[in-house]
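For the protein sequence lines, the chains are Y and C, in the order given.
Per our numbering, the first sequence starts with residue 1, numbered consecutively.
Per our numbering, the second sequence starts with residue 1, numbered consecutively.
No lab work stands behind these hints, which were simulated from the structure alone.
Think of the CB as a built atom: it goes at the ideal place given N, C-alpha and C, for glycine as much as any other residue.
Mixed in with the good hints there might be a few duds.
Listed next, with one range per pair, are the computed distances between beta-carbon atoms [unchecked claim]:
1) 81(C) to 232(Y): 50 to 58 Å
2) 244(Y) to 37(C): 43 to 51 Å
3) 116(C) to 101(Y): 42 to 50 Å
4) 62(C) to 86(Y): 21 to 29 Å
5) 116(C) to 86(Y): 33 to 41 Å
6) 90(Y) to 140(C): 35 to 43 Å
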Amino acid sequence: MSRWRSRFEVLSLFVVFVIIWEIVVRFLEVPSYIIPAPSLILSRLADLFQSGLIWPHLITTGLTILSGLALGIVAGLAFGALIGVVPPAERLIYPYLVAMQTVPKIAIAPLFVLWFGYGITSKIVISALISFFPVLVSVISGLRAAERDQMDMMRVFGASRWQSFLHLRLYAALPTIFAGIEIASILAVIGAIVGEFVGAQEGLGYLITTLNFNMDVAGVFATLIILSAIGLSVHALARYLGRRMVFWRRADEKSAVLSH
Amino acid sequence: MRSDALIQIRSMTKRYETRAKETVLALTDVNLDIGKTEFLTVVGPSGCGKTTLLRILSGLESHTEGTLLIDGTVPSGPRPDISMVFQQATLLPWRTVLQNVLLPRQLQKTMSPQVVERARALLDMAGLSEFENKYPSELSGGMQQRASICRALICDPKILLMDEPFGALDAMTRETMNLELMRIWSAQKKAVIFITHSIPEAVFLGDRVLVMTPRPGRISRIIDVNIPRPRDRSSFANPVFNRICDEIREIFDTQGSGATNQENSNVKMAVSF
Ligand SMILES: Nc1ncnc2c1ncn2[C@@H]1O[C@H](COP(=O)(O)OP(=O)(O)OP(=O)(O)O)[C@@H](O)[C@H]1O
Ligand SMILES: [Mg+2]
Chain Y
1 MSRWRSRFEV LSLFVVFVII WEIVVRFLEV PSYIIPAPSL ILSRLADLFQ
51 SGLIWPHLIT TGLTILSGLA LGIVAGLAFG ALIGVVPPAE RLIYPYLVAM
101 QTVPKIAIAP LFVLWFGYGI TSKIVISALI SFFPVLVSVI SGLRAAERDQ
151 MDMMRVFGAS RWQSFLHLRL YAALPTIFAG IEIASILAVI GAIVGEFVGA
201 QEGLGYLITT LNFNMDVAGV FATLIILSAI GLSVHALARY LGRRMVFWRR
251 ADEKSAVLSH
Chain C
1 MRSDALIQIR SMTKRYETRA KETVLALTDV NLDIGKTEFL TVVGPSGCGK
51 TTLLRILSGL ESHTEGTLLI DGTVPSGPRP DISMVFQQAT LLPWRTVLQN
101 VLLPRQLQKT MSPQVVERAR ALLDMAGLSE FENKYPSELS GGMQQRASIC
151 RALICDPKIL LMDEPFGALD AMTRETMNLE LMRIWSAQKK AVIFITHSIP
201 EAVFLGDRVL VMTPRPGRIS RIIDVNIPRP RDRSSFANPV FNRICDEIRE
251 IFDTQGSGAT NQENSNVKMA VSF
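Work out the full structure: start from the sequences and follow the hints.
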């Protein structure tokens with residue numbers, strides 16, 4: 001199985017990298033507040049879980065990501081479908097959506113904290129806003145993905161516009177939509193953390209700022225590991241759902257996140 | 001001209017507006033009657049308007065001038081008694097073969113257990129009965145095209161339009177498909193208009209072969225194919241077969257259908273606004 005073989009190779013590369021890292025840090029006696037050794041990071045990771053310190057942060061951020069992503073997806077699907085079904089809507093709404101997208105979310109994050117408070121709501125809004133756009137774009141372009149021949153075929157067999165949408169365009173759009181959702185799943189994590197950096201009382205982003213302030217760099221790294229584990233899981237979930245929904249596609253197609 | 005004409009085309013012209021605001025004359029002065037059970041094949045150089053003719057007959061496109069009568073009425077858009085087979089099988093990959101064959105009936109809201117039985121019978125006839133629950137990606141190109149022919153037949157159309165249906169297939173599969181199409185058509189005769197780039201295919205299948213000129217497309221000749229039916233592999237050996245093939249090749253040679261010629265005529269035809 002070449003797939004397992006390639007996974008094994010990726011993993012071995014990682015192990016080699018970590019070992020070299022450990023050796024270099026020990027040999028050169030790099031201070032742990034600059035670059036901590038992998039072994040130290042690992043023990044801090046264990047500490048975080050053993051002391052139970054991590055849980056409230058983990059739960060808050062996890063909840064933020066999932067709600068933000070869900071909101072972003074729902075909004076992206078709704079606006080995308082509107083634009084895809086009612087073409088004039090694209091001319092009217094799309095420029096505003098693009099303009100909105102050009103504003104860096106980090107720059108307006110403080111505003112959202114001001115409007116929605118230090119609690120979880122402002123982070124959910126930021127996360128949703130960031131994950132909204134890739135879904136929107138994927139829905140719009142996905143609904144155009146049906147081939148002309150297939151559209152003609154539907155018409156020849158008497159399909160109404162609505163039937164063409166339901167039986168052809170919607171299905172033809174699914175691969176693209178799930179590619180967008182995959183990207184959104186990663187962006188949702190970034191959005192949540194950005195929000196927590198700006199102002200929060202809880203969450204992994206908040207934890208990172210606190211640990212950083214205390215020069216607990218090993219702790220920061222440990223939190224980053226947790227964070228990427230969350231990101232990977234959310235992405236894997238999106239990918240899994242995508243593959244289940246788009247069952248007619250070959251299984252060996254690439255992940256959208258890597259190919260973008 | 002013919003008493004049993006199902007399709008009557010009189011002085012039909014088709015002009016396309018291109019995006020650059022130019023007019024392309026795709027068909028001009030087409031006069032044609034097609035019989036109720038006639039198998040008409042169409043050959044002609046690339047870009048001569050064969051697909052255009054088919055799209056007009058299918059209701060996907062409207063003609064610019066002239067009259068078109070189908071079954072005595074002026075058509076307005078696609079109709080359930082006309083089916084089409086495209087060059088690509090255009091099966092929907094998320095539907096099983098059976099679901100694909102049933103699609104037209106589903107769209108026309110005329111599903112019934114009898115229709116499903118009919119679909120199974122068609123698949124059986126096309127040698128696909130074991131594959132009814134497979135998805136198109138699990139079928140070979142030839143099998144997909146056979147399934148799409150079944151889909152075209154599920155509505156019991158009076159007219160079957162076929163635009164180079166076997167063009168994407170290899171020569172051997174193509175010959176098998178020709179033999180099968182003959183078999184299917186003999187079993188339930190209907191009007192078939194079949195476009196192809198292959199002269200032998202056109203002669204083997206057709207009651208008449210319509211030969212078209214390069215742009216602007218018009219009818220160059222209509223050749224009766226007097227090879228007895230039912231036709232099978234032995235028909236290829238009929239001396240008439242080769243004679244007609246040569247005759248058509250000669251028409252092409254004299255009217256010139258080289259690629260450069262076409263490009264030139266295209267420029268000339270693109271009347272600027
Ligand atoms: N939608 C369109 N808009 C503008 N011009 C078109 C359009 N469709 C076809 N044409 C033009 O009309 C002419 C006839 O095209 P058509 O597709 O009918 O040719 P064809 O005989 O089917 O060619 P081929 O054998 O290559 O399939 C061509 O010059 C083509 O460029
Ligand atoms: Mg064509």
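Against the structure, the hints come out as follows:
Distance hint for residue 81(C) and residue 232(Y): a CB-CB separation of about 56 Å, consistent with the stated range 50 to 58 Å. For the hinted restraint 43 to 51 Å between residue 244(Y) and residue 37(C), the CB-CB distance of approximately 48 Å keeps it satisfied. About 48 Å separates the C-beta atoms of residue 116(C) and residue 101(Y), a value consistent with the hinted range of 42 to 50 Å. Evaluation of the 21 to 29 Å hint for residue 62(C) and residue 86(Y) yields a pass: the beta carbon distance comes to about 25 Å.
Evaluation of the 33 to 41 Å hint for residue 116(C) and residue 86(Y) yields a pass: the beta carbon distance comes to about 36 Å. Taken as a hint, the range 35 to 43 Å holds for the pair residue 90(Y) and residue 140(C), whose Cβ atoms sit roughly 40 Å apart.
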